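Number of protein chains: 2
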Amino acid sequence: MFECNEPCLFTIFGSTGDLSYKKIFPALFHLHASHRLPKCFFIIAIGRKKYLKNSFLEQLKPFIAKNELFTEEKWISFSHIIDYFQLDFNNEIDYLHFYDYINELDAAYKTLGNRIFYFAVSPNFFEIISLNLNNYNLISSNNGFHRVVFEKPFGKDLKTAQKFNKVLQTYFSENQIYRIDHYLGKEMIRNILVLRFTNRLFEEIWCKNGIEKVHIKILETIGIENRGEYYDNTGALRDMVQNHLLQMLALVAMDPPAKFDTNSIKDKKVNVLKHLKLYEGNLISPNIILGQYDNYKETPGVRKDSLTETYAFVPCEIDSARWRGVPFILETGKSLDQKKAEIEIYFKPSSSNYLLEHQEIKQNKLVIRIQPSEGINLEMNAKKPGIEFDIDTVNMEYCHSCNSLSRSSDAYEKLIVDLINGDSTRFTRWDEIEFAWSFIDQLTDKYSLNKDNLKLYKSNSRGPKNDANF
Amino acid sequence: MFECNEPCLFTIFGSTGDLSYKKIFPALFHLHASHRLPKCFFIIAIGRKKYLKNSFLEQLKPFIAKNELFTEEKWISFSHIIDYFQLDFNNEIDYLHFYDYINELDAAYKTLGNRIFYFAVSPNFFEIISLNLNNYNLISSNNGFHRVVFEKPFGKDLKTAQKFNKVLQTYFSENQIYRIDHYLGKEMIRNILVLRFTNRLFEEIWCKNGIEKVHIKILETIGIENRGEYYDNTGALRDMVQNHLLQMLALVAMDPPAKFDTNSIKDKKVNVLKHLKLYEGNLISPNIILGQYDNYKETPGVRKDSLTETYAFVPCEIDSARWRGVPFILETGKSLDQKKAEIEIYFKPSSSNYLLEHQEIKQNKLVIRIQPSEGINLEMNAKKPGIEFDIDTVNMEYCHSCNSLSRSSDAYEKLIVDLINGDSTRFTRWDEIEFAWSFIDQLTDKYSLNKDNLKLYKSNSRGPKNDANF
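Keeping their order, the protein sequence lines are chains A and B.
Residues are numbered in the numbering used here as their position in the first sequence, beginning at 1, plus a constant of 2.
Residues are numbered in the numbering used here as their position in the second sequence, beginning at 1, plus a constant of 2.
Next comes chain A alone, as it looks inside the complex (with noise of 0.2 angstroms):
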């Protein structure tokens, strides 16, 4: 059984938020239930907003009591450890009051100088809290540990992320920097390492020998509802694939690490985003497809003229010796007529088909299934049943939400744990993103901003015509 050992107090700036409300306490709510905090663990909601540590409570409630542990006990021994803390990221005086707070809630709670500062706030504070943390002695390197928890995004582009990057070093060092691509903490991501590297079956196949392409996809049904004016700015390149989709992409293309630790591991995936580039292969143009879906301009807060592209279909390539040549397609869109993640690996055809030659052979083909339902399935061929020696493709399934035995938890409680223990191997480091900007700054710059290369696609369609012959 997992034993968390590390005390520590967990500060969570912006705790009023939809991100607070919706991921972060409930997952702290559910590792508190099921007695994965520390026993020495605090956690102070930080807000702007005026509240006695009851009425935020009070706020908060509804959103635990959805939890499947909840009861009215566990919410009672749950609120025993938050305390409200008012503070606004402009005021000065307010760090030095907190800076006292804190030194009395470490030695009240034994937490030896621990602490992680979650910021789920807009990018826009995330420099001023820096620095101030920094100004009033809030963090050090010496004194227990103490960590910086990012959301995205983590800067618009390549130029922007490289000088907010240079701001939190000036504050920080990089082992204390968190930065959160959830995606991370989903089970069958964290699956996708154990699959490659402990079966043997995909162990020779897993290269241009024997993978023919690999689509990664996150289809949404939802539009960018309330987030016109944040979203118009961004877009899907920059908002989905410059993150998820290249992590994905990074664990199912990676080479095996020396070791199975945090930095082996990030070695080997920023190798991947290294080589990246479109791809050059034999394909019908175009090789990208940028959508937009047809009634995003009416949405609060995006420009009449935009051209944000809300989906994104973009055939890219690994320069490697092992990938060379295999088309690796991110495709992510909102306002689609499905809901689903997943990584789709076509293999090759067998190269002993011309025994069957008047039966229809298809490929194998492996699915990673990462939301709504997790699992594996992979499709093979076997004889029909019956006399006539006809050949069915069978699906064989691992349905990995339906193990009943464990619970497939919820991504942020992953995250939250490997915060705690100091694991930043599901959490991105500098160079990742680094790599990422740069290959999607490419296509921003050659494709986004020209008004021809933008289609329009109806909502709850499949997205975009696409006449590429993938």
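Worth double-checking, as some hints may not be accurate.
One copy or two, it doesn't matter: identical chains are merged, so the pair holds either way.
Listed below are the simulated DSS-like cross-link pairs for lysine-lysine, each with C-alpha atoms no more than 25 angstroms apart in a straight line [to be verified]: (1) 63 x 24; (2) 350 x 367; (3) 25 x 52; (4) 350 x 261; (5) 276 x 453; (6) 261 x 364; (7) 210 x 350; (8) 261 x 276; (9) 68 x 55; (10) 457 x 342; (11) 215 x 161; (12) 76 x 342; (13) 161 x 342; (14) 341 x 219; (15) 299 x 341; (16) 52 x 350; (17) 261 x 154.
Think of the hints as simulated: they come from the structure by calculation, not from any bench.
A quick note: this is a predicted structure, and the numbers were derived from the prediction, not measured.
Fit chain B to the supplied structure of chain A, relying on the hints for placement.
Leaving out everything else, chain B in the frame of chain A:
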């Protein structure tokens, strides 16, 4: 849909025996009831007993009534294409009458001289019937197709098989001879080549680089029942290993044939049998285990001091570039605690297992289930659901017999269709038999006459104690 265009007369010698009642006639009925027999088709049931056609049909009916397609109407229709003919195998006059009779039928049913003779009799009668078929011009190579079908045993060692084959060759040409091994008609045995040659997933790995060992087993719960005398002169090596198990081994291990036709496939199978030897790897002795269940000697017909094996565990090896060093374990026995026929393919451990050194990681395993259930299991590793990073073995399953759309047909049905179509792929060619006997003779010479090699085992147990490190 399959169309069987070959008209013919189908003669069964030994039509009142167990095999005819339980297997051949039900298969013919099922084919008839599902319209898979040629339109011009007639069955001659030959026996030594004096029967009127109707008394014979009365005897037969209860066996047919068990068939899932049975209706009175279909039974009546089936009985219209059967006649009973009394013939004493040693009486030459009877063959003379048979000659007239069969020629009349041939004209009446427009079967164009096409004849199949099924030898469902004791091997003692094989020669005399063959001789008389020949002497009385019942068979020829000019007028239509003439095929003779033999059930095992085909000899009791290489010498007797060769002798018998020489006899057959004086009367028939090799392409007229169909040696039945009914295992080759089983769905999942027919599936082996499809699985191997249409799934790229297995292509690179199906050799000594990827496969650690192969375990082929036919385990039975029944004892030898009323076959005491026959079995005591035969034993498990001759009764099961020489035919079913070696045929399965040949299909699992053969190289891809040049074409998917009978002789190309058989050439590759023979190539496996030709290079077969006992496994010489690093095993705890004994290599080969022979056993006898505890109350075997009480069976009527069995010698009181019998050394006949009712169980055999034979690790062998194929001395070829593809397989050198990989143990293929053949195992079969009577009176065991389970009834199961299956092929287990154990893949080598993943080369990346070192990455997760504190985990117990099982090797990948493919199981081809032949009976009682038919299907494929593939054991793979995945992350266990939950926060911990534990590895779990997951079972991907395909149930062939569960496919409700098409019935998994009986081995005899398929083999009879092959017979009528003249497709001898799933019958045994002489050189397959020859090399199989030559391997079995080595074993019997070396092991089965030495009392020390025979281990007693309890009925309804897993068989004799096995110290081999498999």
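Going through the hints against the structure:
| no. | hint | in the structure |
| --- | --- | --- |
| 1 | 63 x 24 | within (11 angstroms within a copy, 71 angstroms between copies) |
| 2 | 350 x 367 | both (9 angstroms within a copy, 22 angstroms between copies) |
| 3 | 25 x 52 | within (22 angstroms within a copy, 86 angstroms between copies) |
| 4 | 350 x 261 | between (30 angstroms within a copy, 21 angstroms between copies) |
| 5 | 276 x 453 | neither (29 angstroms within a copy, 69 angstroms between copies) |
| 6 | 261 x 364 | between (36 angstroms within a copy, 20 angstroms between copies) |
| 7 | 210 x 350 | both (9 angstroms within a copy, 22 angstroms between copies) |
| 8 | 261 x 276 | within (20 angstroms within a copy, 45 angstroms between copies) |
| 9 | 68 x 55 | within (21 angstroms within a copy, 77 angstroms between copies) |
| 10 | 457 x 342 | within (22 angstroms within a copy, 59 angstroms between copies) |
| 11 | 215 x 161 | neither (32 angstroms within a copy, 56 angstroms between copies) |
| 12 | 76 x 342 | neither (34 angstroms within a copy, 51 angstroms between copies) |
| 13 | 161 x 342 | neither (32 angstroms within a copy, 66 angstroms between copies) |
| 14 | 341 x 219 | within (10 angstroms within a copy, 46 angstroms between copies) |
| 15 | 299 x 341 | within (22 angstroms within a copy, 68 angstroms between copies) |
| 16 | 52 x 350 | neither (61 angstroms within a copy, 63 angstroms between copies) |
| 17 | 261 x 154 | neither (28 angstroms within a copy, 57 angstroms between copies) |
Violation of the numbered hints given earlier is confined to hints 5, 11, 12, 13, 16 and 17; the remaining hints are satisfied by the structure.
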